[in-house]
Amino acid sequence: MKITDVKELEKISNEIRKNIVEQVYTAKSGHPGGSLSSADILTVLYFNQMNIDEKNPSSPLRDRFVLSKGHCSPALYAVLAERGYFEKEKLKEFRSTKGSLQGHPDMNKVPGVDMTTGSLGQGLSASNGMALTSKLNHDGFRVYCLLGDGEIEEGQVWEAAMTSYKYKLDNLCVIVDNNNLQIDGNVESVKGLDNIEGKFKAFGFNTISIDGNNIEQIINAFETAKLIKGKPTAIIAKTIKGKGVSFMENDAGWHGKAPSEEEYNKAIKELEK
Amino acid sequence: MLVAGKIPYASTFAVFAAGRAYDQIRNSICYPNLNVKICSTHAGITVGEDGATHQMLEDISMMRTLPNMTVMSVSDDTQTKWAVEAISKIKGPVYLRLSRMETPIIYDETQKFEIGKAIQIGEGTDASIIATGDIVCEAIKAKEELEKQGINVRVIDMHTIKPIDRQMIVKCAKETKKIITLEDHSIIGGLGSAVCEVLSEEYPCKVTRMGINDQFGKSGKAEELLKYFKLTAKDIIDILGTTH
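Order-wise, the sequence lines are chains A and B. Note that the first sequence covers residues 1 to 273 in the numbering used here. Note that the second sequence covers residues 1 to 244 in the numbering used here.
If you are wondering where the hints come from, they were derived from the structure by calculation, not from laboratory data. Take the hints with a grain of salt, since some may be wrong.
Claimed, not checked - In silico BS3-like pairs for lysine-lysine, Cα to Cα no more than 30 angstroms straight-line:
no.	chain 1	residue 1	chain 2	residue 2
1	A	K226	A	K11
2	B	K89	A	K109
3	B	K89	A	K135
Go ahead and model the full structure; you've got the sequences and the hints to work with.
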């Protein structure tokens, strides 16, 4: 299933946003801000880019996706359900004891989850291993790894970046969800984080900067990344935290907070426009 | 890599393998139950001159609390070869603890080796010395010396700390008068603790734990440090002599 129509992808992305808000509201906990900022990237990956089959989630030759920013599980669960890996009904069990949708993704509990994540900074290392294996076995699959911008303050990310470069992992594509906010505020004020593109470039990556909430730009970036040989690509995707829900947008307060009933109704109303 | 079909073997100093990478081992290996083999080197006080920063004395303790993890600590060259191969045949994460100190060869090729089954050396009933890792050889030396004094002990080489050989521990407690544990590791959380856990549940008796007593290491030659921390054959003999 490959959808190329941008309007249709935007519709799916909007559906995913609704399901993100729905999950966090139902669970009364979770991380809406970064999930909403990354919804368009996930939509493009799962409906336009990745070579995957929801009926055969463990196929050895499938493309892999690692949600290194594991707290944005609502976005991943929503997109997996939308793609048909499991019933949407299951989304109601997010973060509850009765279900398999843990607060952070568990590869052994949820079909379609390629790597267990949650402790920030580790996903790129796992992605390197997958990409390297793809190369060693001549499997030809690609690996996508979504990092948060706050997350790249973790030192392990840069150790892993050196490894990606060392092994010339051109089948690896890193996406930084650059929404500029982390739990404690602005990434620049928290850790002086700026010039993300320059940092990845310095580590030997091919880099592409885009508007990460623009479906067309996301598709183009992934297509360009596929053509790059001999080095990994990092897409710096400028996004809006909380994108799609006016009162959540650009507010670090919505990093890990559930909406009240009133807020929930307002959010869904906005997304249904 | 494992996620994509290979079995990764990772190796570095134990202080980094278990200490620095604890969070990665916990969240990215043990929780998803991935088939990763961690072969740590330079464990214990016997790393020697590098001193406390490099002497990992808590790794068995940390690794064995992790669900899904198998923990092994081998005593000689032959056993190391067996273990490295054997761990590839079980599924799931393994922590294999290795040391720097040169140790005598204990086993020949006829010895049976199975993960989770301790090796009994001798039939003595005066005491059991349950030991693990590079200082099993000290326990064997003590056994031989004690024999000359008419004291018959057995040595149990507990190469697998988790899952621990409960049956062997209980059998020794029933058949021998005393239990001593010996490890190149903190007495908190390591082999000594594991043995006490089994015995307190199944056959309560007194256990003497020999190991590093809640302190950091220091620089020196391995042999000197074993003396300093009272982990030599002589120290075992002293204990069995005074309490016998």
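Each hint tested on the structure:
| no. | hint | result |
| --- | --- | --- |
| 1 | A:K226 to A:K11 | 25 angstroms, holds |
| 2 | B:K89 to A:K109 | 24 angstroms, holds |
| 3 | B:K89 to A:K135 | 25 angstroms, holds |
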